[in-house]
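A.B. asks: In order, the protein sequences belong to chains D and C. Everything in the first sequence is counted per our numbering, starting at 2 for the first residue and increasing by one. Everything in the second sequence is counted per our numbering, starting at 5 for the first residue and increasing by one.
If you are wondering where the hints come from, they were derived from the structure by calculation, not from laboratory data. Keep in mind it's a predicted model, so treat the numbers as computed, not measured. The beta-carbon is built from N, C-alpha and C at its ideal position, and this holds for glycine as well. Treat the hints loosely; a few may be bogus.
Stated by the list, open to error - Result set (DSSO-like, lysine-lysine): computed pairs, CA atoms no more than 30 Å apart in a straight line:
{"#": "1", "chain 1": "C", "residue 1": "K413", "chain 2": "D", "residue 2": "K102"}
{"#": "2", "chain 1": "C", "residue 1": "K377", "chain 2": "C", "residue 2": "K488"}
{"#": "3", "chain 1": "D", "residue 1": "K80", "chain 2": "C", "residue 2": "K377"}
Said to hold, decoys possible - Looking from chain D toward chain C, a few residues come up when the C-beta cut is under 7 Å (computed):
{"#": "4", "residue": "A12"}
{"#": "5", "residue": "D51"}
{"#": "6", "residue": "T86"}
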Amino acid sequence: MKTSSIIILVAIAAAIGTLLMYSVDFSTYDTIASAKEKPGKYVHLIARLDKSKPIQYDAIKDPNYLSFYATDSLGNSTKVIYHNTKPSELEQSDRVVLKGKMEGNVFECDNILMKCPSKYKDDKKQLEKTVTQY
Amino acid sequence: MIFENEHLLPGQVGHFFVLLAFVASIISAIAYFKATGTKLEKEKRSWILFARGAFFIEFFALLAVFFSIYYICSHHYFEYLYAYKHASKELEAKYLLACIWEGQEGSFLLWTIWHCVLGSVIILTAKKRESSVMGIVNTAQFFLTLMIVGIYVFNTRIGSSPFVLTRNELAGPIFTQPDYLKYIKDGIGLNVLLRNYWMVIHPPILFLGFASTVIPASFAFSSLITKDWGGWIKAALPWALLSGCVLGVGIMMGGKWAYESLSFGGYWAWDPVENASLVPWIIMVAGLHCMAVYNSTGNALRASYLFVILSYFFVLYSTFLTRTGILGDTSVHAFTEAGMAMNILIGIYVIGITIPLLFLYFKNYRKIPTIQKEENISSREFWMFIGALILFLAALFIISVTSLPVYNKVFGTNLADPQDREFTYNKVLVLVAVIVGLLTAISQYLKYRQTGKKYLVTKMLWPLSIAVVISALLAIFYPIEYSKKGPGFLAAIYLALFASIFSIVANAAYLKTVLKGNLKAGGGAIAHLGFALLIGGMLISSGNKKVISDNSKTGLFIPFDKDPTGRGTENPLENLTLLKGVPTQMGPYTVTYVNDSMAKEKNRTFYNLHFQRVDTATGKVTENFILSPDAYRMKDNNLSSNPGTKHYLSHDVFTYISTISAPDQDPDTATFKIHDMAIGDTVYYSNGYFILNGILKNPDNERFHFSPTDTALVADITVYGKDSTRHKAYPALTINNQEINFIDDTVITQNIYLNISGITSDKKFKIGLKQTNKLTSFITLKAYVFPYINLVWAGLIIMAGGFVVSLLRRVKAANYIAAIAIALVLMGLIYMFLIANN
């Protein structure tokens, strides 16, 4: 194959690649305030569980309904609804990433990622806490 | 201060050997490069001998390091941070190795040891290329051992040593006391999620795969430095095949692990960590196709160089992604942040070898010979090259999407994963599957240089017709029901399925008609057949995966808060709650959560679910089985669950626990009342009575599976309720390492707990009874049916077999050796993938 034809192929490939990348609908990290400005748009919220407000979950009545309140670092707060089971480590988490969209006044979430102190044994502070617990 | 009861010797020995290995790798690398640069035969020879000596010292030292860590962990010397972090006393012996490679340092060590094993083979076989190939291998060793040296240069710690002491690393009041070790009762231990036999085998195989990618790249280097264009291909091709085989198997072992023991609900989730090891594999496969083309025609030499170098580059890049903590939120199982100094080291490693290699490649690019004549469009090499290019582009696509966190870091953007990550990848790669399927089907029949049209048409006619017929039958009788992404994607799935079937049929026919059953020459065809089966199996099992724990269909539950957003129907609600003892309809099954049983491990519980399927027409029970998914409830109430799966040849019924009833907050005030019972005695309680039928020693029954070497007494008890129900209960007492454990049993419908707490002097047994009136327990679970998942594993095994066949042919192994090698590989893989857990 000639070098020229390789170059043409690579150029076509690059063009396809650009198109593909364009078609990948990346989401964004948002605050509660900025998510409220674009209702219906899929975003990632970085927030924490508001422990002063109730967590509503009753697996016997409906295992696919969890609601709680989240606050972000700017102090804004929103109700979150998650149609799945309550992650067992939710209460312990010190930070959550909520994936979903704002619908009205509620954040409709389809995935929760949690940062939990216990998972991270490489975290020195946590190790220092546990080393004396045993 | 003198600290009491510390065992500092193994750590000092270990640290000494780390330093020795580090120094030896530098010496060996330098000596090998000296040998490469010397023209004089005699001088070259002596440099090589010297380098070999250093290399074998390095090998020995690394083994010694490994044994030091093993010793420290197996003796629970928690004065070492590594043992404290990764080992614990209750950890079973079989997980000791797993806990070593759970950590960064242990896994780097594993990698270096594989380098040494492969390097030894190179020394035995590579002849004139030894010095340049081993020069690169030792440079890689230098970087890897640097990660674990843990020495201080200008007050900065370089690398993280596995032998640091807990008291030096952690701050805490106990460390000011000489007897601090008394207060460290146990280590943290291996993460419960990782306590699985795959954790024992998957990392070594995967790291062998990673380690093997350096070899083809080193051969490329050897050729670039000596300007001996092309000669390296023949020597490097078996290594590329080895890489393709081992890395491919290692990646899918991860998939099988995720499938059978992690609650991801599948074998592939396009997680960045998975992608990061897939990408080098794809590029290596592209590279070895180019190498094969060069071997037969002299084409595709430049691409061969590029692909083997890039494959190695992406192995290192994936190390960077998974170990620096940069993936952060996007991955569920990357290593966490390792500290700035470590990140810089890893960064240097990524570019330290590959950038000079790429530089050499582009510098010599014009000198690398190519064939000026255009390839014939009917030639095999043309289409093989196209296939390699498609694979390469697919790999680039995957890694570009995966690298999102890197863009965020570099450009300061705040982009996040797309809404449906899997679909983002699937919609592109399903098209790649179509093309690759068609290419692997046709290209076997093409000849190098040029193929006669008539030959191709006559040969292809039958496979094509058969594939069309099978696909049509499949579409009619077993349609793919994946419509949630629209008709376009469904059509693409069908196309890919057709291409896979076509490839399976065409390759099988090729083995039979063209090679006349000569399997020895058919490595390529076998591997392609396996790959097509793998892809076809993925399309079917994912396309027709069914959620049977669909809550909305049972009609049992009414949402207690009206959904303000108006839920769409495309997301079935996948969790179903089962009350203990209450039969619930789930898909075609009636499922009852019967009871739970404690496992031998602390805090681990098996939940026994009885599945029954009744034929509605005849009323006969057609299926009847128990699944026991389990869950660990950890100290801080976290839940970690492992699936229970019923394997059929044609499908799997797959369940895992997503919630369990909370342990009661109010302390259970009821206590055990001990009854001294002889065998045959009866004891009454408020709702009935129970009889001690006998005492079993090390039983192997529906509840326990003890082996004759255990020490376990199990009481065989039958409970008769007032409501004329009868229940079996098996409380147990086991002795393990001179510790007595009690395993209670419960009869939840009667609200009683039973235990066996000892033997009285007059040969009676102490049976404890506790009555409570606590709430009924429940579990919430997810359940799926995965159809034809075995095609995926069978495809992988066949593909690996194909790689091995090709490899043995390339190294001209004798027939009997080849037969033994293939038999061993196949037996091992079949056992691991299809038998071990079924």
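A.B. asks: Evaluate each hint against the coordinates.
C.D. replies: Hints, verified against the model:
no. : hint            : verdict
1   : C/K413 x D/K102 : 24 Å, holds
2   : C/K377 x C/K488 : 48 Å, violated
3   : D/K80 x C/K377  : 68 Å, violated
4   : A12             : 12 Å, violated
5   : D51             : 18 Å, violated
6   : T86             : 4 Å, holds
Hints 2, 3, 4 and 5 from the list above are not met by this structure, while the remaining hints are.
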